[in-house]
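Undergrad: Protein sequence lines, in the order shown, are assigned to chains B and Z. For the first sequence, position 133 (counting from the first letter as 1) is numbered 114 according to my numbering, and the numbering increases by one without interruption. For the second sequence, position 71 (counting from the first letter as 1) is numbered 52 according to my numbering, and the numbering increases by one without interruption.
Among the hints, erroneous ones may be present.
Identical copies look the same in the list; a pair holds intra-copy or inter-copy alike.
What the hints assert, rightly or not - Computed list of lysine-lysine pairs in DSSO-like fashion (alpha-carbon distance at most 30 angstroms, straight line): (1) Lys153 - Lys86; (2) Lys233 - Lys214; (3) Lys(-8) - Lys230; (4) Lys86 - Lys214.
In case anyone wonders, no lab produced these hints; they're calculated from the structure. Predicted model, so just to flag it, every value in this text is computed and none were measured.
There are 2 protein chains.
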Amino acid sequence: MSFEKEYDERKERFENYLNSFIGGLGDIPEPLYSSIAYSLVGNGGKRLRPILFIIAAEMFDAQETESLLKMASAIECLHTYSLIHDDLPCMDNADMRRGKASNHKVYGEDVAVLSGDALLNMAYELLFEAVSLADDDIKNNYIRAAKLISELAGARGLIAGQVVDTAVDTGKHISARLNYIYQHKTADLITASLLAGAIVGGATEFDIGRLREAGDNIGYVFQIVDDLIDFDKGEDEDKNTFVKIYGIKEAKRAVSDRTAMALTQLSALNKDTSFLRTLVKNLSIRKN
Amino acid sequence: MSFEKEYDERKERFENYLNSFIGGLGDIPEPLYSSIAYSLVGNGGKRLRPILFIIAAEMFDAQETESLLKMASAIECLHTYSLIHDDLPCMDNADMRRGKASNHKVYGEDVAVLSGDALLNMAYELLFEAVSLADDDIKNNYIRAAKLISELAGARGLIAGQVVDTAVDTGKHISARLNYIYQHKTADLITASLLAGAIVGGATEFDIGRLREAGDNIGYVFQIVDDLIDFDKGEDEDKNTFVKIYGIKEAKRAVSDRTAMALTQLSALNKDTSFLRTLVKNLSIRKN
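With the sequences and hints as input, model every part of the structure.
TA: This is how it looks when you write it as structure tokens:
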């Protein structure tokens, strides 16, 4: 099967689960329910993080159980909430997201704040359900994976990156600041996805270490390629990006170097990493 | 020991833990760290919910372990995040909270949004730490309690109440709407605190059922007394409160009826509920 076909099939399977999960949520008042559904399932996305999580878990022989799919959905809820809050007028003030109106442009700022809160909280409802449902012999793996996700999503992870990205002056040198933002705002949740999958599957500490390094490199590749795409489209005017600071040539070199490092780190695992390596190569040359 | 002295001692013990927890958090960038500390530990509060949680847990013979204190802190983080987001300009637009400037008046709207997010996420970091540290024989109690907290804090609990409180027109009759808001926005987290404590302590399903009824009544008492205090101070101008809709006499009657119900429900437990019952009586006659 071609890589593209396998990715699309994985994406479709995950989205089917996500749709049935959202469809089965009762008792959420309007307009909160519609707003959550709009951003989580009505607004597309690559589903990169939940797919990375599932691939990593399967690489380490975890089964595709209800617990696994709940944890994958939790990661997507975290990603989606961070986008809704990032787009708010007091943050990036973005009217559009993935070619459609951003959440607050459709539902208003108050509902957008609360929908983000609801998705953040829902991520943890899902993680506790995943832990509750997990078989006894792997329950501690699920607890450890969920704890790691919570750390990398929090005030020392994703949110740390958002704060430094938002703050006018943090006293950091511009390159150190950019590095901090890319590490936390982008790489942390990507790394968390890979590590959580590996931990659920019972990976060794050696393999977890290699995956952490690879995850961080994949995060940087993903973000710098995003910057290059934004530059091509002329959509990076108000942003401090790698391309802006170092130029296109350096940006392309960083993508190439980081991709090579990630591939080497993945190859060091005693597992079949072929699908994951192809995914990383494709991320480095994507155009949207 | 007098009730007041015992309450104050419990509050001080909890706050000492919370202070050392916040003091020990490294790696959170400014101004996020200061903003979190400002609202969580610099801004007072009764600490009602964590104290209810600890009292309930001790009633059912749970030990005051690190896990217990982490769960209590998680509950206070949830309460504090909800206040920061409630005060935002796009929500209640409140300049003051507990006699001091609200979070966004000090740190700006962007940091206030992210601090709320960080506290919400931190609640779950704490809950997963609590679960991880819990002894094997009560780990499942901690998982069940944390899962229940996550449900009552989420889109079908606390946040549901916030959305209906914010929405201009939800199609609900005004009394049904008020009831919905009081149930979810106020009572759910109070009930969650009592139930989580009882579950951690291994309470029977019968006792959990009685505590759920009592918790909901305590939540209503707490909110209607708040309304009466706001009315006395002339601070309820823009709010739809129980006092506004039904008048003072009915509000006082509701407090008295709900208090009596809560006391009866608590008396049905096969435990020493004397401290909790005195707490409920004091809540019903408080003046601030």
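Undergrad: Against each hint, give a clear statement of whether it holds in the structure.
TA: Evaluation of the provided hints:
no.: 1; hint: Lys153 - Lys86; result: between (33 angstroms within a copy, 25 angstroms between copies)
no.: 2; hint: Lys233 - Lys214; result: within (16 angstroms within a copy, 63 angstroms between copies)
no.: 3; hint: Lys(-8) - Lys230; result: neither (33 angstroms within a copy, 59 angstroms between copies)
no.: 4; hint: Lys86 - Lys214; result: within (22 angstroms within a copy, 37 angstroms between copies)
Against the hints set out earlier in the document, a violation occurs for number 3 only.
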